[in-house]
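Numbering (the working numbering), first residue to last: 2 to 538.
It is worth saying that the hints were derived from the structure and are not from the lab.
What you were told as hints is all true, and nothing was included just to trick you.
FRET-style restraints, in silico, Cβ to Cβ:
| no. | residue 1 | residue 2 | range |
| --- | --- | --- | --- |
| 1 | Ala223 | Asp179 | 48 to 56 Å |
| 2 | Val218 | Arg176 | 36 to 44 Å |
| 3 | Ala278 | Pro466 | 48 to 56 Å |
| 4 | Asp179 | Gly47 | 35 to 43 Å |
| 5 | Pro466 | Pro337 | 26 to 34 Å |
| 6 | Glu408 | Ala183 | 50 to 58 Å |
| 7 | Asp305 | Gly208 | 21 to 29 Å |
| 8 | Pro337 | Pro221 | 32 to 40 Å |
Cβ atoms here follow ideal geometry from the backbone N, Cα and C, with glycine treated the same way.
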Amino acid sequence: SDVRTALLLPVLCLAIGCSETRSSDPRSIVFVSVDTLAAGHTSLHGYERETTPNLDSLARESVVFERCLANAPWTTPSYMSQFTGLLPWSLEPTPPASGEETGETLPWSMGADQPTLAECLSDAGFRTAAFIDNPNVGSRLGFDRGFDVFDESAAEIGPEDPAGGIQHIVPRALRWLDGLDAKDPFFLFVQVLDVHGPYLPPPRWRGHFEGSPPDGVTRPDALAVALEPGLVFGAIPRYIADPIRSEQAGSLPVLPIVNAYDDGIRALDEDLGLFLAALRERGILDRALLVISADHGESLGERDSWFDHQLLRPEVLHVPLLFRPPGGNERGTRIPTGVELIDLFPTLLGHAGVALPSPRPGRSLLGEFGGGKPPRPRPLFARGDVFDSRAIESGRWKLLVEHPTPENSGVVGYLTTPWAKEWIAGNYPEFAGRTFGTAEFPPGILEGADVTELFDRSRASLQGPFVRLFDLESDPTELENVAPRHPEVVERLTAELEGARAEAAALRSASGPPAAGERSEAMLEELRKLGYVRGER
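Sequences are here, hints too, so could you generate the full structure?
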């Protein structure tokens with residue numbers, strides 16, 4: 002469209018007008034992270050729709066890790082783990098607390114005694130800049146530490162505005178690069194939100210993909226819409242539905258929403274291709290390490306979780322991880338060994354020639370850039386807020402432990418879990434087959450029931466722990482719980498998981514969390530539109 006062309010002209014002009022960056026230090030790093038980019042919906046990772054042709058092309062001169070897992074299923078703890086190299090249990094609230102009704106996220110924090118990636122690089126003489134699109138990666142949470150420039154102006158632009166996201170960020174990032182001194186190594190971090198719900202792709206790409214997505218998920222034709230913000234299973238979240246429905250619509254067709262997610266990935270890939278062209282034209286790709294990844298993926302109906310990222314499951318935890326070394330990797334390399342996002346911290350510091358501030362649980366992946374031996378398999382870990390969930394993946398096995406309560410999942414989320422639906426059908430048959438928190442089962446119905454008894458009885462039956470074991474060799478989508486058949490594996494992995502949690506807890510900050518800054522009204526409104534402001538969490 003004319004509007005889109007006008008928005009892209011500054012990027013293209015900058016790219017054409019500058020043939021070589023003035024900074025030539027080979028230790029420099031460009032790190033691009035795409036919020037909510039599920040590896041399983043990228044053609045980079047074998048998805049049958051061509052959603053990422055530019056990433057596919059880049060992969061032919063890069064090192065791609067086929068199985069990289071996020072250490073947390075949502076933005077703040079995932080990026081904190083990436084920026085500190087610490088597992089989420091080192092950064093979690095102490096004691097665990099519920100969110101406030103104002104929509105405040107849980108008080109995750111990076112302590113002053115937990116140096117960040119940017120601080121380590123800045124102390125080593127790197128020029129540093131970050132361009133941020135998600136308010137949950139903002140300065141108020143300490144993410145600005147170590148950055149000379151921390152631009153979060155994109156985080157105040159709503160998802161419905163085509164001038165936001167990567168199109169807002171790229172011209173600013175390129176201007177910063179163009180102002181660098183030749184002698185200075187640099188670290189550029191670009192965080193973009195274009196793929197995140199409510200899935201509003203630019204007009205040019207809207208409707209690009211049609212029909213049933215080739216992801217093997219069986220979906221109903223339509224689903225009810227949740228009545229209130231908050232976690233809900235078996236229904237479409239309000240923040241997804243509100244921008245695309247008429248005021249009275251209590252349900253929506255499902256496939257157009259899933260297809261819009263894919264449309265958004267394709268649109269983002271096109272803009273990313275323009276950014277890469279600008280970097281290549283400047284010579285930056287010959288002199289800097291390029292990293293492309295994500296903080297987490299997205300549930301698109303798997304396990305009755307719709308358009309959200311809460312569960313420690315492959316659709317949420319499996320993210321792209323691509324390294325293009327300076328000058329490129331002529332062969333293109335695919336590494337099947339599982340790695341995790343905390344590995345970025347030692348890898349990027351190692352590339353920069355900067356020592357780790359102290360031992361970290363992650364490991365450097367630098368050996369793969371030169372075609373060395375693949376990393377040895379080792380356990381991978383994840384921690385989630387919802388259900389106080391925790392997971393370990395070790396070889397062919399994955400252990401998942403969940404402890405659902407109304408406090409850690411919200412009342413609606415708690416009463417819409419698969420366990421609760423089965424329990425309600427058996428104990429309150431008049432509610433069977435309905436999804437709580439939607440027009441078919443509004444919360445007001447419970448006013449005629451003994452709610453105290455309902456919750457007392459449900460707590461006794463549903464609080465868990467629910468322990469599940471999956472054989473990833475035969476069941477990569479994690480559909481069959483084989484824990485009863487392999488108690489010895491459950492026992493071994495439980496011990497490893499609890500040991501890792503204890504070691505991580507010992508690395509919690511001794512200085513305590515810094516005071517969080519205030520959010521602007523614009524950022525609060527953006528958080529509402531992104532589904533983060535939830536009365537129950």
